[in-house]
Every structure is written in structure tokens, then in C-alpha cells.
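4 protein chains.
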Amino acid sequence: MNKRKICAVVTARPSYSRIKTALKAIQEHPKLELQLVVAGSALLGRYGNAVKVIEKDGFTINEKVFMVLEGENPTAMAKTTGLGVMELSNVFYNLKPDAVITIADRFETIATSIAAAYQNIPLVHIQGGEVTGNIDEKVRHANTKLADLHLVASEDARDRVIKLGEDPTYVINTGCPSIDIAKEVLDTNDYNFNPIEKYGGVGANLDISNGYLVVMQHPETNRYESAREDVLCTLKAIHELNIPTFWFWPNVDAGSDGTSNGIRYYRENFNPENIRFFKNMEPNDFLHLLKNSDCLVGNSSVGIRECSFIGVPTVNIGTRQNRRKRGKNVVDVDYDTNEIKKAIQERISQKGLLSEHIYGEGNSGKQIAEALANTALIAHKTIMY
Amino acid sequence: MNKRKICAVVTARPSYSRIKTALKAIQEHPKLELQLVVAGSALLGRYGNAVKVIEKDGFTINEKVFMVLEGENPTAMAKTTGLGVMELSNVFYNLKPDAVITIADRFETIATSIAAAYQNIPLVHIQGGEVTGNIDEKVRHANTKLADLHLVASEDARDRVIKLGEDPTYVINTGCPSIDIAKEVLDTNDYNFNPIEKYGGVGANLDISNGYLVVMQHPETNRYESAREDVLCTLKAIHELNIPTFWFWPNVDAGSDGTSNGIRYYRENFNPENIRFFKNMEPNDFLHLLKNSDCLVGNSSVGIRECSFIGVPTVNIGTRQNRRKRGKNVVDVDYDTNEIKKAIQERISQKGLLSEHIYGEGNSGKQIAEALANTALIAHKTIMY
Amino acid sequence: MNKRKICAVVTARPSYSRIKTALKAIQEHPKLELQLVVAGSALLGRYGNAVKVIEKDGFTINEKVFMVLEGENPTAMAKTTGLGVMELSNVFYNLKPDAVITIADRFETIATSIAAAYQNIPLVHIQGGEVTGNIDEKVRHANTKLADLHLVASEDARDRVIKLGEDPTYVINTGCPSIDIAKEVLDTNDYNFNPIEKYGGVGANLDISNGYLVVMQHPETNRYESAREDVLCTLKAIHELNIPTFWFWPNVDAGSDGTSNGIRYYRENFNPENIRFFKNMEPNDFLHLLKNSDCLVGNSSVGIRECSFIGVPTVNIGTRQNRRKRGKNVVDVDYDTNEIKKAIQERISQKGLLSEHIYGEGNSGKQIAEALANTALIAHKTIMY
Amino acid sequence: MNKRKICAVVTARPSYSRIKTALKAIQEHPKLELQLVVAGSALLGRYGNAVKVIEKDGFTINEKVFMVLEGENPTAMAKTTGLGVMELSNVFYNLKPDAVITIADRFETIATSIAAAYQNIPLVHIQGGEVTGNIDEKVRHANTKLADLHLVASEDARDRVIKLGEDPTYVINTGCPSIDIAKEVLDTNDYNFNPIEKYGGVGANLDISNGYLVVMQHPETNRYESAREDVLCTLKAIHELNIPTFWFWPNVDAGSDGTSNGIRYYRENFNPENIRFFKNMEPNDFLHLLKNSDCLVGNSSVGIRECSFIGVPTVNIGTRQNRRKRGKNVVDVDYDTNEIKKAIQERISQKGLLSEHIYGEGNSGKQIAEALANTALIAHKTIMY
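Taken in order, these protein sequences are the chains called A, X, E and L. Residue 120 in this note's numbering sits at position 120 of the first sequence, with consecutive numbering throughout. Residue 261 in this note's numbering sits at position 261 of the second sequence, with consecutive numbering throughout. Residue 49 in this note's numbering sits at position 49 of the third sequence, with consecutive numbering throughout. Residue 2 in this note's numbering sits at position 2 of the fourth sequence, with consecutive numbering throughout.
Honestly, I wouldn't trust all of these hints.
Identical chains blur together in the list; that is why a pair holds if it fits in one copy or across any two.
[To be verified] With a Cα cut of at most 30 Å, we get these calculated DSS-like pairs of lysine-lysine:
1. Lys31 with Lys366
2. Lys328 with Lys381
3. Lys163 with Lys3
4. Lys3 with Lys328
5. Lys96 with Lys341
6. Lys325 with Lys24
7. Lys381 with Lys325
8. Lys291 with Lys279
9. Lys342 with Lys31
10. Lys381 with Lys96
Hint data in this document are derived by calculation from the structure and do not stem from the laboratory.
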């Protein structure tokens, strides 16, 4: 029997965390063969060099696709996507996969979808059916309409994809692979890891014996002009709280230069003695850091997903995670220094959050592999009603 | 008061007929300014040089975008689309429109949608919410999910767009502008027009005093390998019926070379003495030709829309128009010579078809202009439920 | 010892004839490994589907690169080249050749040169140092300045490349591989081949028992607006002479639609009873056809090279072959029906042309392979004086 | 009389200095109309935002072209160039210039050349005929072979372009516009300018009352892997000399991330108390800074050109300026900390360097405008011998 060739396209550092255990499960599945394409900002040193982590994790990369156009504006985002369509069309033409996986809702993921759908290759969309604001919202649902098989992360998401006119046979709730890693982290008690020794980072030397915060704040694509101002709000709040903090640089996006500039400006001028800045960590390390932290601050979806499972308090800023199904670990605030400070203080005083299982039980990678092995692969569909 | 700058992108000959009266109405509207981009196959002689018709109709073209990649396969379709994203991103960056119009569901229309949506320009989608088979089906609904304002052509379509999670405020049934031209044609009784004198064409000299057929058959994108065979079925049926026939070449698509080859092969080898072949006609001329014909044969959407309004019998072949709302003028058949012959014979014996108004009353162009002038222009949205 | 990986990029039908025996020799050379990329119009049915001939000749194609942009103008030529740079950059990045071969002077060949040179891959240019008119002239010499190793086809060409500032160590006269095929054809006396049976073609049924002509006329890129008119001159001349004629369609270029339209128009309206039209023939068949013909007419370089070696009279029209070193088999005429007629009549009355060896002795393929195996491969250079 | 439309394409910060006075002179010339295209890294904040300087200087920009692909490798350089060809083809198609100017030899300048030459637009090359190492060397001479009119910066360069087979009528020594600015600076004695107040920069607070150095070091494209190591050599040398130093960040290139990383690493770890780092300065400010400095160190062509005219000692490191005609102000050294230190110490002890006029008299901008106004504009040529 021929194995099904499943081609996954990873275009950014955070997408890798959302698919890693599925990639492993595909690799190990007797009926599947993994083809791995690493593209976009996942290849760039400026954005954390995800490609090196992927290689270190033992994956063989079939193709690398350079497609990120420089330019601090939405035009560059659009053109990056156009370039991605052209490049990925070649890649799929050459790899001849039986199905292509596009992940979630980053702007460039629609390039994967078009390149596959237009070549009549069955398209699998991971993590459709969720709700956010921004261009991601448009991209995610457009991916759903281009895709043939939907492997969603929650029941809520499954209902929504079906309402979008998709055939329920092809909408499967596998949970989110990011939870698999979270489960593993939750289950590990003897993890020996010093983030500063291992990753260096720049900025203050932190004494974390009395607890610490983690910050991860990305620009919002529909207000990228205020990205610099937005990050300054948070920097001020964290600086004033004077709690030791691990701060992570944003991933590539129109506006990420605004965020980066804001951080650089603040460092040069205020030299905050309680913050240390990091480019990236391996997912496991990052989650252990989170697990032991007092609170995650920012607008990363990690706060909604992994932190809900692990039970880490989250102060979620702005509209980037709008209407994403969240647990009771999350409190939402505006881009406002005082609000942010107050929310953090309240959160860190709460103890004993329960872990919730909104995005799966921690075996999503395997469920995705099973779905890919056993569902009929189709490349055409019509809307259900 | 500044006029709203409305940028319409016409990428193919048939799309122009679907938007022409709206373009006129936008041009004449006191609150609107038209920006016209002509792109893709609309610029190419091989596909009927729609650009010349557009210029002859008195429109000023702001930008011409060459983006069609040669190659008889879906890879070229995908790459054409990627190229379109890149080129149109530039165009919108320079023209700075207040809204962009993307038309219907041809594969390259998603390029317009991405280039606008990613640059936060309000996107207007014309003729969403319909149902067909093929890649068009995926593209149409993906366009809907990328668009902010939906100007649909029927009530049926409006319901479907709303079910797709769009805000009813932004889903307006304007009818289809192609019906405006159909209405004008229906209302004109003294049209003096000899198609062979005006357009030449190649092939047989037709005596049409006892009636004639019109054929328009495109490749189906999800079975482009059989495009040649498919068109040969119809050629054989028409040849055997021996009724004078005006036959139109297909528009650009993966597989159009298959259709073209089939036609060329049949002509060289069988020299059918009842068929004359044409590349293109101006929409008005084409509709008068249809109006006076006994039957339209093939798989063009003209049979579903305009012919329903004018009351012309239509033999619709294959799945290209699947589930598109149709009137009682249409009969559906398979790619089968005998079925096609039989259906044509039955159809032409029926007389006195009533005109139906499924796709508008004949004033859609104006309704579209009004909607564009008076609806709030937004560039962000979230799914309704 | 590792074999040197030599990557040749074939972008068009005529380029293949100019490299075929070298490809074979590389394939068979103990120190070399062939990587073959087929790109551009060589992949397109409209332009003779060179790719099928290449596969039939037993070559394995490593990558196919679709890059031809449709559009009857120089803008499309430029953009095709830009697209070629992008696509071929990927290809070389993945194939990691030790050297890349770019062939001659077609507009898109500079894409190969840039993609290789910018990635510090030693670039080998075949057939530099010649002189023509048109954009080819600029492209050829620009290729020379981007290339590291020059395998030229004549002493005349070698002198010119050295005058261009190249190091004589890296300028080697290997002769032209097209002559290798010509030699083989000249040496074969029992070739059994009926062109009409084998290739079909369209148009008149020819009786060639009393001799025949071969016509091959391409558009000139710097006067592509007159391509239609130019080909009509020749069509009229050939029609009036009423000598049986094999006519070959042009290869892809800005203006090729002009030539194609001219041919189609003439056929529809004058139905010349002495001309049969062909898309393409395998090189061997084509040369046997030439060898037995009375005269080659048009502006193909075949008239200058192969026909000089085989000894076939050639009527060369226009400036496309300007200043290319030619033998006494060639007479030059303008785009003028009467001049063309007169020149053909004079030529076919001459018999017993001697074969001349201007472009090699018929062993160029092997000489190219030897040069590739034994010359130092460098990727940087400075101008000599 | 219609003015000649002259379209100049500026793709990088340093190119702007090399063309600025010519742009002014074209703008003011009664027979010329300037069209200005700003592209590539000239648009990017990371590389000094040349576009803002250009706008501040009062120029109207006709088109902005985003074309820089991210990725720290030569593949990204090649693809940036391919993208440039595609984008600039559109730009010229729309602007319809009578001539296009391509500047010098940066890798992406060949995109301008191809986009113009392939569309039969007369191409003017500024600063051909010089000699360096690297990919620049190949690009410069390839630009010469694509160009129709050559406005060179020295007699030496003129001779070389003519040897390359160009018609002497179209090879004009106008000198280099960068010298015009240098002359102006040399002639100004009351310039009041505090670089730290005006530009900020980051790093040490410098006391420059006893003299200072200026450093500008770019990666070499053919040894970009060692860019980090190369810059560390110089950082160490400058740090050890402990002379106050203005250090400028590199411009975009494969390998510029290596250089940037090296600088960042050195700052974080050694915090050199005698160096202040700057992104960019306006050309006038920069030249005044140079004029009053003790020595320029690095591999910028400014050391060869402007510093020769102004009379500033220059320590030129590595092979980037190989064989460029230099004055007696320049001493060449290897990437070797001790060599660099020794050369700087020797240079700064010498006083009273004479100004030399190798690259013009300081009126090149006007000479370029005159040449553009009065030379025949051709778009085709053949090699001279």
C-alpha cells in the first residue's frame, strides 16, 4: 500500500508550536509520509530562526521557501502572500503530495491554500472556525472555504465551520497540538532549565526566586500604526510594577517594526532594570517558563490556549484574541498602562487556577494523524445549503 | 465633499459583461469616482481583447496589469493568481481607492480580494452567494469571507451569504448587471446587425433564415484533462444536427487549450459545414444574436442568467453551472452526444418561453452605484455567530 | 572523486538543438553529472513542446519551470525574465550545482545568468561573442559579463569575448553542438522519413518529388509591431513562387502573435495550395528535411549555422542575423516580396554548395563536456584590462 | 517642444549620494523632465530611510517600489532582483519615460536595466567602466552591455567602457555627482553641525575636540559568511585605539545581518566607550563629518571618491574597492586587527593631504543633465568591433 504523502507548510515560529506533535505523529504513522516545507519568517534569524529548532527536533525539511518581502506596511504583507502563492505552487508541483496542510490564520497561510486548491490537491486546514479580529479573521475563514478537510481545535470551532457550509463529515475536532506539548509540560516535574543561561537574552539580570512575569505582545495588523505606542503602554506598566519579567520579541508582521522600535527606544532611554528580552525559545522551554510564571501578559494566543490548559493566569491586551473561546484564566484589558498594571496585580494574587480542556486533551497530534490517514481525501466540494 | 473612489478590477471578457452597466452608473454617480483596472486575459488578443471593447465603450483605464502565465495546467493558474496579488497590491497602493470591487468567482479574482483586504481597503464582492462546482465554488466563497460588502444578484444568493456569517446590513441584493444589458436588448426591436459581416469569424457560411444555434463551451477546471473530449461531444452533436450554428471560443483557463485543440482538430478533419467560429462579440451584439437564436448550447452562465431574462431555451452541459439558480428555460444534460442532440431538438420545438426575473429587474448597475455611494465602507469584520 | 554537477537550463525549442549533443556528452562523461532544467516556452504546446522531445531523447528532467507571461508586448518579455530569475534562484538553491550553463542569447537566458551569478555559482555561457541586432545582442554580451567560463562556437566569437575583457584561459572555442547533429545528418544516407506522415501539419498536400522549400520566420524583437506585415511579405512571395513548401511556426517572443496572426490570416483568406504548416519537428528530422531541400527561407540562425555546414542555400530576411559570421550559402534580403522571390529563384538554380566548417567540426558536444570537466570552476572575476 | 522624460531609479541610500546633484540639474533643465522612482532598501527604515531624505530635499517621487526579500543569503539577493525586474517593468510601462537611468553597480541595478532595455527604452548607465571585486563587478559591466548611453565618472572608466565595445559617441565622462556635494562641502567653512545632537545615535558619548575617526564597513558579497568576523576585526582595532569614533551601520546586502550581528554582539559584550553608532546621515552632514575627521576607515567607496577630492586620509579594508582608481589619500589593508590599527595610526599622523580631481571637478550633475538633453537617445546598438 502506498503511504499518503502529507505536506505541511510551516511559515512562522508560533505555527510550529501549533503543529509540532502532529508532525511527529504523521511521521510515525504507518499509513502516512511527511513532507515538510518551511517558509516565510520561520526561516529568518530576525524572527527566531524557527527552522533551526525544527531541524534540531529531528525533522527533515523537504523545501525552504524564502518569501518575506521587507517593508513596514500592509503592501509588503500582500506581496509576501503573492510571492508565497507562486513559490508554493512550484513546491507542490514538484512534491506531488496527496494532501497539503495549511495552519490556522496568519496572513501568508492563504498562499498555501491557493497553491494547493488551484492544483486540485486536497487541502487540510488546521484550527479553522475560531474567531478573532484583524485580517487573521478574514484569512482564517477564507482558508476554510478553500479547504476540503477541517481539523479544528474545539467543539465551538467545529460548529462554526459547519455553519460556514462545510460538510460535517469533513469537520473533525482533533483538539490543538499545542495542548499536547502543554500536557507534557504539565506532567513533567523535574525540568531543569535556566532560561538566561540557555538563551542569554539582553537586558536586566533577573532574580526570579520570588516569581516573574512573561510578556509576549504582537502588533495588531489592523492598527499597525499604533504598534509602537501599544507596546510602550505595556513596557511602562511592567517597568512600574518592577516585577522580574521575561519579554519576547514579536513575530514578523506589518507593524512588527513598530513594536520592535518601541522596545528598542524604551530600552535605550529607560533601561528597565526588571526586564530581560528574548528572541525565541524552544516550545518546551517556553512552556516550562510559563508554567512557573505568575502571569502571562500581552496578546499571544498562548494565553488563551496553552495557559488555559496549564492553568496560568493571563492578562490579555487589546482585540487580537477577540472572541476566541477562553477559560477563566484570562482577563481582558485595553491598551492602557493603569489597566494593565491593575489586572496583573489582581491576577498574580490569585492562586490555584484549575486546568481547563477547551482545546483538547493533549493527544491532538495523534488524532490529526488518524484523521489524515482515515478520512477520504477530496479536492472538490460544494457548499452544503 | 470628496467623491468615493471605487476601483473595479476586470480580469476577463465575461466579467466585463457582468459589470459594465455598474461601471457606467458609478462613472455617472455624483458621489462616486470610477477607477478602472483591466487585467489578466481581458488584455489578451487570444481571449477576445476585452480591453478594446472597454475602451470603445468610452471607459478610461487607470492601469493595465499583465499577469497571465502560460502553461496548460493548474500550476499556471495558481501562479497567475500569485502574480496578480503582487501586481494588484502595487496598483491599489498607488491608486489609493476608497473601495475595491472584485467580480464573481474566476480563479484570479481572489488576487484582487487579497491585495485589497491585506491593505485594509474595503472590499466589495459582486455576485457572491451562488453555487457551482469547480474551483470557482471555492474561490467565490473565499472572496465572500475576504469581502466587507456583498452586492449579490438574487435573493437566493443573499440568504446564502448571510448564512456564511456575514452581517445582513452589508449584504444587498442589487441583481446582476448582465441583466441590464439583457433588458435593453429585449426592449430593442430594430437592431440591425449581421454577425458575419461585422465579426468575420471562420468556418462555414451560414444561412440563418430558418433559425440557428449558439454554442459556448468552456473547459471545466476540475476535469480539464477531458476538455478536448468534452468539446468533441458537442461538436459531433451540432455537426450531426446540421443546424446553422455560431460557435464561440472558450476563455482562458487551465484546459482551454484542450478545448481549443478539440475545436481545431474537428475543423481540420471534419470541416463542419454548419458551424462558424467566433472569438468574441460585443455584449450587445452577442445578446441580440442570442435573442434571435433557437437555443443556447454549452455551459456558459449566460444560459442561466441572461437567457432566463430574455427567454431563450438553453441546453446546459455538464456540471459547470451546478446548483446555480435557474429558470425554466434551462435543461441540463451530460457530456454525451446523443443526449445533447435530443435536448436541443426538444428545446427548439418549444416556443414562447416567458422571461423570468431571477437575477434582477434590469437596473442593477444603478442599484450597485447607489449601494456603493450610501453604504458605510468598512475594512474589518467578525463572523456574525 | 565527486562528479561535477553541471546544471543546464533549456528555455526554448531552438536552444535545445544548440545544446543537445553537449547534454549527451555531459551525461556520459565520467567526471560529470547532468542536471537538466526545462523552462519557459520549451514547456508549452503552443511553441512545439520541446519538453516532449527532450524526454523522448532519454533525458531526465530535474525541474520544470513555468515562467512565460502572456501578453503580446515587451513588458511581458521583461516580466517573464523577472519571473525566471525568481524561479531559477529556487531551482539552483535546491539543486546545488557546481556550475550552471546558460545558452546563447534569448531574452530569458539572462534570468539563468543572474540566478547563478548572484548565488556565487560558476556560470558557463555557451555561444557568446557573436553579433546580431535586437535585444539578443544586449542580452548575449550581458551574459558574457555575468559568466565565468565561455564556450564559444567560432574563432571570431572567441576573439570578441576576449576583447570584452574576459580572461583567455576561460574562453574556449568548442564549436557549436548544433553542428554535431548537422554532421550526423550529413553522414546519413539512408534516412527514411516522410514529414507529413510523421508530423501531420495542416494545409496543402505537398508533392515534393521535384524539390521543395523550408521556411522559418521569427518576429524581430525590435520591430515586433510589424511582425504580421513581415510574415505576409514572405507568405506572398512563397505563394506566388508556387513551389512546395514546409513552413514552421515561430517560437515565443514579443511579436510572435503578430507572426501567428499573419499566418492564420493568410491561410484563411488565400488558402495557399503550395504550403503546409508545422509546429515543430525533432532536430534530426528537421535537418534531414533541410538537407534535401532546395533552399531555407526566413531569418532562423539555422540558415547561418547548420545550413552552412550541410551546404543548403539560405535566403536570410531582415536584420535578425545581422553580423553573425556566415558562409557563402547565405544571401541576405529585405522584407520585400519581390526581393525574396528573386533571391529564392537564384538560389535554387545554384547547385553543389560546399560545406563550410565555421562553427565547428561536428564534435562540439564532447569538447564542451571536456571543457566542463577540466577547466577550473570560478565564480568571481575582474575585467582583464 | 516636448521635454525629454528622464526616469531615475534610486535603490539604496549610497546611490542617492551618487546621483543627487544630477537629479537637481535634470529637474531644473529646460529640456528635461524628471521622473523619480525610489525602490529597494532606499524605502526601508532598517537601512536609513533614504526616501525621507529624498523627500526632504524637495523631490517628488513618482513611484515607490518595495522589492527587498528578507533572508540572509544570496538567494534572497537574486530573488529581490527578479522581483525588481517585474515591478520596474510595470513602472516604466506606466511612466513611459524617454530614457531610464540605472546607477552604478549594486546587485539590484540590473533589474532597472532589464526592465528598460527589454521594453526598448533608451538606458543610461551612470558610473560604468570602473573595476572592483565581487558581484558588483559582474553587474556593472553587464549594465554597460545593456545600456545605450554611458555617463562615466573618470577618464579611466571611459577608456574601459569603450574597450567593452561601446560606441565612443555614447560614452561621456561627466565626473561623479558625489564630487559635486564634496566640492560644496569643501567650499563651506561655517557649517554649524553637532552630529550627536542632530542624529542621536547610540553608544558612547564622544568628546571630539581632539579629533575623531569615521568607520563605514559593508559586508563583501562574495565572502558574506565572514561578514561578522570581518567587522569584529575592525571593532577590536578601533576599540583598542581608543580614539573617538562615529560608526555607521551597513546597507542592505546578503551578509548585512552578519555585520549587524557582529556590531550588536560587540556592543553588548564589550560596550566600547569610544564608539557611537549611527544609522544614516544626510549626505551634506556626513561629508562635513568626514571633512573634519582624521581618517575614514572601512570599505566604503566614499573613501575612494569623496575623500580623495576633500583630502581625507582613508584606510581601506579588504577587496571591496579592488582596482577602483584611487588617490594618494588611500592605504589598503587586510581584515587584520593589527594591520588596521597600524594603518590608522600612520594615516592620522600625516597632515595636509592635497585634494585630487580624479572623479570630476564638482559640476557633474550639470554635465549629466546636458548629456541627457543633447545626446541622441537610442535603444538598440551593436558591439563596435
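Going through the hints against the structure:
1. Lys31 with Lys366: within (13 Å within a copy, 48 Å between copies)
2. Lys328 with Lys381: Between copies, since 26 Å is at most 30 Å while 38 Å is not.
3. Lys163 with Lys3: Answer is neither; intra-copy 33 Å and inter-copy 38 Å both fail.
4. Lys3 with Lys328: Result: close neither inside a copy nor across copies, 42 Å intra and 48 Å inter.
5. Lys96 with Lys341: neither (52 Å within a copy, 40 Å between copies)
6. Lys325 with Lys24: Within. Shortest intra-copy distance 27 Å satisfies the 30 Å Cα cut-off; inter-copy 46 Å does not.
7. Lys381 with Lys325: both (28 Å within a copy, 17 Å between copies)
8. Lys291 with Lys279: Within one copy only: 19 Å inside a chain, 40 Å across chains, cut-off 30 Å.
9. Lys342 with Lys31: neither (52 Å within a copy, 48 Å between copies)
10. Lys381 with Lys96: within (21 Å within a copy, 36 Å between copies)
Comparing the model with each numbered hint stated earlier shows that hints 3, 4, 5, 9 do not hold.
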